[in-house]
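Once you've looked at the hints, dock chain B against the given chain A.
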Amino acid sequence: MIKSRSARQSISSDLLIIRVSLWRLAILNSALAVCVTILSCGQGQSERTEQADKNHGEWNRFHAENEYKLIQAELKLTKADQPYMVLDLRENKLKLKLKGAVVWSYPMDFASTDSDEVKEFMKRFRGNEGIFARPVADKYLFAAEDRTPDSVLAIVGEAIRVDPELLQRDLPERFQLLWGNGLILEIRTDISGKPISKLQNAIVQIKQALSMPFGETIIVLKIESSEALTLYRAANRGMVTLIYPPM
Amino acid sequence: MRRWILYVIIPLVVLIGAMVITVLIKGRNALPDVSAVIADSLLTNLPADVKRAEKEFEKAQNALLKLEPAVPYIVINTHSNKLCLRTEDSILVEGTCSTGSGEELIDSATGRHWIFNTPRGVFKVNSKVKEPWWRKPDWAFIEEDEDIPKTEAERLDPEMLGEYALGFGKGYFIHGTIYERLLGISVTHGCVRLGSEDLKVIYDKVKIGTPVYIF
Numbered sequence: 001m002i003k004s005r006s007a008r009q010s011i012s013s014d015l016l017i018i019r020v021s022l023w024r025l026a027i028l029n030s031a032l033a034v035c036v037t038i039l040s041c042g043q044g045q046s047e048r049t050e051q052a053d054k055n056h057g058e059w060n061r062f063h064a065e066n067e068y069k070l071i072q073a074e075l076k077l078t079k080a081d082q083p084y085m086v087l088d089l090r091e092n093k094l095k096l097k098l099k100g101a102v103v104w105s106y107p108m109d110f111a112s113t114d115s116d117e118v119k120e121f122m123k124r125f126r127g128n129e130g131i132f133a134r135p136v137a138d139k140y141l142f143a144a145e146d147r148t149p150d151s152v153l154a155i156v157g158e159a160i161r162v163d164p165e166l167l168q169r170d171l172p173e174r175f176q177l178l179w180g181n182g183l184i185l186e187i188r189t190d191i192s193g194k195p196i197s198k199l200q201n202a203i204v205q206i207k208q209a210l211s212m213p214f215g216e217t218i219i220v221l222k223i224e225s226s227e228a229l230t231l232y233r234a235a236n237r238g239m240v241t242l243i244y245p246p247m
Numbered sequence: 248m249r250r251w252i253l254y255v256i257i258p259l260v261v262l263i264g265a266m267v268i269t270v271l272i273k274g275r276n277a278l279p280d281v282s283a284v285i286a287d288s289l290l291t292n293l294p295a296d297v298k299r300a301e302k303e304f305e306k307a308q309n310a311l312l313k314l315e316p317a318v319p320y321i322v323i324n325t326h327s328n329k330l331c332l333r334t335e336d337s338i339l340v341e342g343t344c345s346t347g348s349g350e351e352l353i354d355s356a357t358g359r360h361w362i363f364n365t366p367r368g369v370f371k372v373n374s375k376v377k378e379p380w381w382r383k384p385d386w387a388f389i390e391e392d393e394d395i396p397k398t399e400a401e402r403l404d405p406e407m408l409g410e411y412a413l414g415f416g417k418g419y420f421i422h423g424t425i426y427e428r429l430l431g432i433s434v435t436h437g438c439v440r441l442g443s444e445d446l447k448v449i450y451d452k453v454k455i456g457t458p459v460y461i462f
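Protein chains in written order, with this note's numbering: chain A, 1 to 247; chain B, 248 to 462.
If we strip away everything but chain A, and leave its shape as in the complex, we get:
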């Protein structure tokens, strides 16, 4: 009786071990399945790049077609009176262009990201379809500092009969430009301003942290505050952004 009980105990402990290992197997299988599916997302891009590389050598139609489309798109943009943005990886500069001329530029000296993240950003920007133009979908200001003291603006406003609020320019401390598809360019400056809304900032950050596993790429660019002011004010929702080179 004692024997059989110990035998039963041993069998049940064996079963427990088997059950545990089966659960592990199931978890492992699931993890593998997730990895395979997620990896398949990026397959289209690598296939396309391989195809492009194979064709390298003679007059490369694939590259020429893309470059041609980019030029055509830019030519269209030069007809408008509004500037457009260029992420120029040939010269490593972020530019604002108006009618084909550079009106503002800043070196892209990425601060807290290594080049792999920048590459990932560019890959994501182009997507599987090789897109080289995306409109700015949104911008979000985290913190800013008043450029001119309110007391000065009050005097000026009274003298020229203008609402001082209209004269103020926020010097951004930190803001983000978003293009959708998980593409975020974060601009940071050297000033320490006041948060625009602590609650809103927290919500935005949590939302972005939650989206991260589904492919959000944030690259950080450090810019002088006065230059950041230009970018912040000029880069409005809908501003078309081109990427050089197109592929």
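Since the hints were made in silico from the structure, they are not lab data. Remember, it's a predicted structure, so these values are computed and weren't measured experimentally.
Chain A residues, not near chain B, derived (Cβ > 10 Å throughout):
1) GLU120
2) ALA143
3) GLN176
4) GLN205
Computed cross-link-like contacts, BS3-like style, restricted to lysine-lysine with a CA-CA straight-line distance of at most 25 Å:
5) A:LYS93 x A:LYS123
6) B:LYS371 x A:LYS76
7) B:LYS452 x B:LYS371
8) A:LYS95 x B:LYS313
9) B:LYS397 x B:LYS383
10) A:LYS79 x B:LYS302
11) A:LYS222 x A:LYS139
12) A:LYS76 x B:LYS302
13) B:LYS313 x A:LYS93
14) B:LYS447 x B:LYS371
15) B:LYS375 x B:LYS452
16) B:LYS306 x A:LYS95
17) A:LYS95 x A:LYS139
18) B:LYS306 x A:LYS76
19) B:LYS371 x A:LYS79
20) A:LYS79 x B:LYS313
21) A:LYS95 x B:LYS371
22) B:LYS306 x A:LYS79
23) A:LYS207 x A:LYS139
24) A:LYS95 x A:LYS79
25) A:LYS79 x B:LYS417
26) A:LYS95 x A:LYS119
27) A:LYS95 x A:LYS123
28) A:LYS76 x B:LYS313
C-beta atoms are modelled at their ideal positions from N, C-alpha and C, and glycine is treated no differently.
Same frame as chain A, now just chain B:
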């Protein structure tokens, strides 16, 4: 046996879940709503014939290159109130300016109204004037609650525009100011005010025909 089914079903459910997420991600990757202005250029292809394609490519490239100014050009940045003389790659001269306030003025007597914006776009320097006199327009009197003068002489002000003025069309000028302390703030009626030192440098370096880009 049932347990085995469970071990198969769990990975399957996870797999389906992962596939749904993938579809969602791919949905996010869908072509962006690129401005209608350039949407058709994304569909423009080169001709099938290589020689024709090369020619077409070169033509497009040259059209874009032509738009780059061949001489140093003026850029007026209304966002940060900066004016610079620059080339494609470098800034030659830069100064703080003042641009339009964006305010609106309505003449209650006649209903006429003005919006004091600096125009955006591309212009050319079309006049260079030393010791310019300002011919005060009607709004200058309406703004000050003064009567509009009947004679031209009453409209003229020899001080307000500083020592130099560069006209760039439609009555707009880059000129000096007696209110240098306000440089950097958008307070003007549309003209671009510049400090006297920067103005002299710009005036000396710039020729008639120099492009002026305002954004």
